[in-house]
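Engineer: Heads up: the protein sequence lines correspond to chains F and C, in order. Using UniProt numbering, the first residue of the first sequence is number 1, and each one after it goes up by one. Using UniProt numbering, the first residue of the second sequence is number 1, and each one after it goes up by one.
In short, the hints are calculated from the structure, not lab data. In this text the structure is predicted, and so the values were computed from the model without any measurement. Be aware that one or more of the hints could be misleading.
In silico SDA-like links for lysine to any residue, alpha-carbon gap of 25 Å or less [claimed, not checked]:
1. Lys256(C) / Leu254(F)
2. Lys320(C) / Ser228(C)
3. Lys251(F) / Trp83(C)
4. Lys203(F) / Asp155(C)
5. Lys193(F) / Trp222(C)
6. Lys193(F) / Gln179(C)
7. Lys203(F) / His131(C)
8. Lys251(F) / Lys157(C)
9. Lys124(C) / Leu210(F)
10. Lys257(C) / Asn268(F)
11. Lys193(F) / Asp155(C)
12. Lys203(F) / Ser96(C)
13. Lys157(C) / Ala185(F)
14. Lys273(F) / Thr372(C)
15. Lys256(C) / Leu253(F)
16. Lys246(C) / Thr372(C)
17. Lys201(F) / Tyr128(C)
18. Lys240(F) / Ser208(C)
19. Lys157(C) / Pro81(C)
20. Lys257(C) / Leu264(F)
21. Lys121(F) / Cys109(F)
22. Lys251(F) / Ile253(C)
23. Lys130(C) / His245(F)
24. Lys201(F) / Lys157(C)
25. Lys137(C) / Asn11(C)
26. Lys124(C) / Thr242(F)
Label pairs and their calculated CB-CB ranges [as the list claims (entries may be wrong)]:
27. Asp59(C) / Leu271(F): 42 to 50 Å
28. Tyr257(F) / Ser364(C): 29 to 37 Å
29. Tyr257(F) / Gln80(C): 52 to 60 Å
30. Leu202(F) / Gln179(C): 18 to 26 Å
31. Asn401(F) / Asp19(C): 39 to 47 Å
Now the stretches of chain F that chain C is said to cover, found in silico as 3 or more residues with beta-carbon under 8 Å [what the hints assert, rightly or not]:
32. 250-257
33. 450-461
Here a beta-carbon is modelled for each residue, glycine too, at the ideal position from N, C-alpha and C.
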Amino acid sequence: MGEWWTTETSMENYEISSISHVTMSPSRRNNLVSMYSFPFSKSSYSELSAFCIEDNIPQCISYINQELASLGLSSTCIEAISPGGTGLSTVPALNAMYELLQIHRRNMCNLEELEREHLRKSSTLEHVQMSNTRLKDQLELSIREKSGLHETERQLQLKIKTLQSCLKTEKDEVQKLQSVIASRASQYSHDAKRKEREAVKLKERLSQLLVDRKDKKLAIDVLNCLGRADGKRRHWKTTKATSSHENEMYKSLLSDYEASQRSLMLENAELKKVLQQMKKEMMHILSPCQPSIRGATADESQEQADLDGEKGGDTSRESLDQYCEHAREQLTNSIRQQWRKLRNHVERLDSQASQAQNQLESKEVIPRETHEDEMERMRCEVQQCKEFIHAQQQLLQQQLNTSFDDETAALLNDCYTLEEKERLKEEWKLFEEQKRNFERERKNFTEAAIRLGREKKAFEEDRASWLKNQFLNMTPFRHRRRCSSSDGQSALSIRSEPEIRMSSVNGQLAKSSTYTTFSTPRPSRSAPVPSTTELYRTLRLIPDSSSSRHSNRGRWPECSNIEDSETRVRPTNGLRPGDMSIFSLGEDENSLT
Amino acid sequence: MNFSEVFKQTNQLCKVSPDGKYLATCVQYRLVVRDVSTLQILQLYTCLDQVSHMEWSSDSLFILCAMYNRGLVQVWSLEQPDWHCKIDEGSIGLVSSRWSPDGRHILNTTEFHLRVTVWSLCTKAVSYIKHPKACQKAVDFSRDGRYLALAERRDCKDYVCVFVCDDWHLLRHFETETQDLAGLEWSPNGCVLAVWDSCLEYKVLLYSLDGRLLSTYSAYEWSLGVKSVSWSPSSQFLAIGSYDEKVRILNHITWKKIAQFEHPAILDSTKATVYKEVEKRPAVGSDEMSLHSITIGTTLFNTQSKYEISPLPVQIPVVKPDPDRANPKIGISALAFSSDSRYLATKNDNMATAVWVWDMQKMSLQAVLEQTSAVRCFQWDPLRPRLALCTGNAKLYLWSPGGCVSVQVPAEGGFQVQSLNWHCSGDSVILLGKEQLCLCYMDTDQEDK
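Chain F with its partners taken away, still in its complex shape (with noise of 0.2 Å):
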């Protein structure tokens, strides 16, 4: 509707704007007026002509009156100036004619506007036609769909039907079909089961007529009977031997069962036990962590009140678990608690190191440079297997080229030999630091026996002045072997002194050298290849960062007294895949807060 007003405004643009120049301009009114008046004086010029003559003024005035009373301007009134002339009154003309002139103004202002309302309703009829017509093709339109939706339901419908009396002609099939089947299946069985039976009878006629006919080829033909394998005779059939036979039967089952139970109970000890050690290690893993949890939020303050009330149970618990069945349940409940407290924690952990991780990414720099060493180490250690393993397929190339006899069985062999030589080589070098290690080792201890020699030396010449003196001063004598015993235990401490001189010695010997579990002088461990070597120093590398770590942070209180005891006793125990496990975790909460 907008639009088309618009077009239609557009049209009217310059009628409009003159009729708004009408009202405006009183200047130009004058012109206007005249261009209106124009026309109308132009053609009524000759009726004028017919309306009023000299004659008949008087009579025109009066028409003109009466035809301004019926106006409703029956103020003014035209009259003459004088009675029979032909002058006006010029005054209530001139208004007679102001007011007409008003309401000839205003008829055409309306008839202006009403000419533009009808335009405007025009337009909207013509718009509002349209549209009628539009919905009426819809309607039409929607019509036609309708009845051709009602004819393909109502075809759908008749093929339902035809469809359904398919299925229930199928059905009826199928169930025939069933029947027919079952129906041969019991003919089939009945007949097989006659069929059965008469072979029976035909095979025990058979053996009837084999031995009526006292068949004499069947026989055997011994030379000499055998004894049994177990030198045993054949026994009686006696009721003895049959419960015999029972009970060894029972004997056998019962062992059996036995042996089930005990592989069971068995099973089920190592599986609590698991249970236990699990339930265990979760407390131990939660209990520290606990505290710097409390202190972030609120809520965790209640989980740790549930863990003191568990921790109040366990008591009572250690007492029931003598009676698995009573424990079980309470067992593997809190072990469930625990299971979903950890993973609550580590889920916090989680978001804490995404949040945490731009902060941190400054702190990482030292542990990533030891990440990136240790890349760079793997990194060439790939390198050379890489170089291996092209070698050896060169070899076996070689090996294909030429046909299989024995030198390239020799060669084959050869390569065998290669590989452990320089097993033998690396080995061979161990060897020799070692060596080395016990040379300087030595050294030392000469050096060590030497300067103890020397020391002895010198004590004993003090022991000698100082006797000489005792004597000379000759105190009672009983006092003085108190003295000297008490000496004696002094010159005893005397001389460990080089010893604890050498140990710390060794110390710092150990200390100097790379391979520490060489300069220990047990060979037994220092025997294995470079690569466990390799791997204790590894493992030994990354428990002393995290340990300074945890000094620098000062937090985490326990759970660093823990790995340094890891570390500690690492060494001595060798590496057990539960203590890499508890010892990464605790480092990475470590570099998660």
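Model the placement of chain C on the given structure of chain F, informed by the hints.
Structural biologist: Same frame as chain F, but now just chain C:
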């Protein structure tokens, strides 16, 4: 790996004595006993006719030679060559003959399964067991040789008889809940008897030694059922192969299914290694030498083959069976546990070129061996987890967790390995061709490596 020279044999009758010292082979109507280590002939016996079945007694002292078409059984003694024994089943006929575990009794099944005759070599006594059932596996001795389970058909119902082998006393006799019993097998510990129905119905029943029904297992209905059954040596698992190309593993505590091994034609997401046998002419230097596929061959004229690890996904050739024929070639026909119960080897009949090895600890597929031709026979090393298989060509294939090898048998005259048998020590394999046999000695050091 070394190979002996080739010997003659007929009917693939060649067996090593239970103590592993002797090798008995039948050539026409002669029975030849060799020393396994030297392969020198120790004894030569002449039977009355061509031997159809030969078996060592459990104490390795006697050899049974059955001539089914004559209804005759002859027994030879290794210690006393002039001792002889002849059992004549007469006109009633003979279809099967076997030793009892004590090595002093012989069980003969007569024609039409009229009866089982138990002949005693100690007392010449004869006893009969009537109504034995003619089926896949109707007789089974327990591993310790104490009990005999025998399937019986009476009044159109299946029964199981349990005999004490000591004096053939009938210990238990019970009816089984089967439509048509197809087989029975003792668990290796001798306390549980697995009984399965014919292929028309998937049904496996487990009975205790005293005849109590322990459990019934049925995976599905209305389709062809059990095809093969095998106990693990530890008695812990019962593997059931069926016509739906799956293996189901039952446990020994609840007798419920704990795992199901499927044999898909396309392997795309598996951790298993797929070894594909590739036939190749030698002396073509290939750059991609896999460490697993070391081919060993000396003859120039035979096509060599080696294994290659094929990248996933792998399509295993499938032969669609004819649905209109009975006993369709589909489903798991062969199942074998390794001696340590760690691995299970299976063969699916419509993928005849592939052998599947499953890890029983992880309950997952460990390896698939895709051969160039159909697998004839596979058998585990009696001591180590090592699988030997043959495909009817001149090669022996070995799988172990470390890898796979294909070995050319260096015998002239088109020696084709039809079946194989491990020596009980696991040091050698007897390879049986159509008319020949050959021993293959394993290098123990190579194996260790």
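Engineer: Each hint should be assessed against the structure and marked as holding or not.
Structural biologist: Going down the list of hints, with the structure as the test:
1. With a C-alpha separation of about 22 Å, the suggested pairing of Lys256(C) with Leu254(F) holds against the 25 Å cut-off.
2. Restraint check: the Cα-Cα separation between Lys320(C) and Ser228(C) comes to about 20 Å, which is no more than 25 Å; the hinted pair holds.
3. With a C-alpha separation of about 39 Å, the suggested pairing of Lys251(F) with Trp83(C) is violated against the 25 Å cut-off.
4. A hinted pair counts as satisfied when its Cα atoms are at most 25 Å apart, and Lys203(F) with Asp155(C) qualifies at roughly 13 Å.
5. Of the pairs offered as hints, the one joining Lys193(F) and Trp222(C) holds, with about 21 Å between alpha carbons and a cut-off of 25 Å not exceeded.
6. At roughly 11 Å between alpha-carbon atoms, Lys193(F) and Gln179(C) fall within 25 Å of each other, so this suggested pair holds.
7. For a cut-off of 25 Å, the pair hint linking Lys203(F) to His131(C) stands: about 9 Å separates their Cα positions.
8. With a CA separation close to 30 Å, the supplied pair Lys251(F) and Lys157(C) exceeds the 25 Å bound.
9. As the CA atoms of Lys124(C) and Leu210(F) are separated by approximately 20 Å, the hinted pair is consistent with the 25 Å bound.
10. For the suggested pair Lys257(C) and Asn268(F), the alpha carbons sit about 21 Å apart, so the restraint of at most 25 Å is met.
11. Annotation: proposed proximity of Lys193(F) to Asp155(C) holds, straight-line Cα distance about 8 Å (limit 25 Å).
12. Of the supplied pair hints, the one linking Lys203(F) and Ser96(C) holds, its CA atoms being roughly 17 Å apart against a limit of 25 Å.
13. Of the supplied pair hints, the one linking Lys157(C) and Ala185(F) holds, its CA atoms being roughly 17 Å apart against a limit of 25 Å.
14. For a cut-off of 25 Å, the pair hint linking Lys273(F) to Thr372(C) is broken: about 51 Å separates their Cα positions.
15. Pair hint Lys256(C) plus Leu253(F) holds up; C-alpha atoms about 21 Å apart against a cutoff of 25 Å.
16. For the given pair, Lys246(C) sits about 23 Å from Thr372(C) by alpha-carbon distance, which is consistent with the 25 Å threshold.
17. As the CA atoms of Lys201(F) and Tyr128(C) are separated by approximately 18 Å, the hinted pair is consistent with the 25 Å bound.
18. A distance of roughly 23 Å separates the Cα atoms of Lys240(F) and Ser208(C); the hinted pair therefore holds under the 25 Å criterion.
19. With a C-alpha separation of about 46 Å, the suggested pairing of Lys157(C) with Pro81(C) is violated against the 25 Å cut-off.
20. Among the hinted pairs, Lys257(C) with Leu264(F) is consistent with the structure: their alpha-carbon atoms are about 19 Å apart, no more than 25 Å.
21. This hinted pair checks out: Lys121(F) and Cys109(F) have alpha carbons roughly 18 Å apart, not beyond 25 Å.
22. A threshold of 25 Å between alpha carbons decides the hint, and for Lys251(F) with Ile253(C) the separation of about 20 Å falls inside it, so the pair holds.
23. Straight-line distance between C-alpha atoms of Lys130(C) and His245(F) comes to about 22 Å, which keeps the hinted pair within the 25 Å bound.
24. With a CA separation close to 15 Å, the supplied pair Lys201(F) and Lys157(C) stays within the 25 Å bound.
25. The straight-line distance between the Cα atoms of Lys137(C) and Asn11(C) is roughly 21 Å, inside the 25 Å bound, and the hint therefore holds.
26. Pair hint Lys124(C) plus Thr242(F) holds up; C-alpha atoms about 23 Å apart against a cutoff of 25 Å.
27. Our hint of 42 to 50 Å for Asp59(C) and Leu271(F) holds, since their Cβ atoms are close to 44 Å apart.
28. Between Tyr257(F) and Ser364(C), the C-beta spacing of about 31 Å keeps the proposed range 29 to 37 Å intact.
29. In this structure the hint that Tyr257(F) and Gln80(C) lie 52 to 60 Å apart at CB is violated, the actual value being about 45 Å.
30. Restraint check, Leu202(F) to Gln179(C): a C-beta distance of roughly 23 Å satisfies the suggested window 18 to 26 Å.
31. Asn401(F) and Asp19(C) have their C-beta atoms about 46 Å apart, which keeps the hinted 39 to 47 Å range intact.
32. With 4 residues carrying a beta carbon less than 8 Å from a beta carbon of chain C, the stretch 250-257 of chain F meets the three-residue requirement, and the given coverage holds.
33. As drawn, the stretch 450-461 of chain F meets chain C at 0 residues by the rule of a beta-carbon pair under 8 Å; below three, the given contact is violated.
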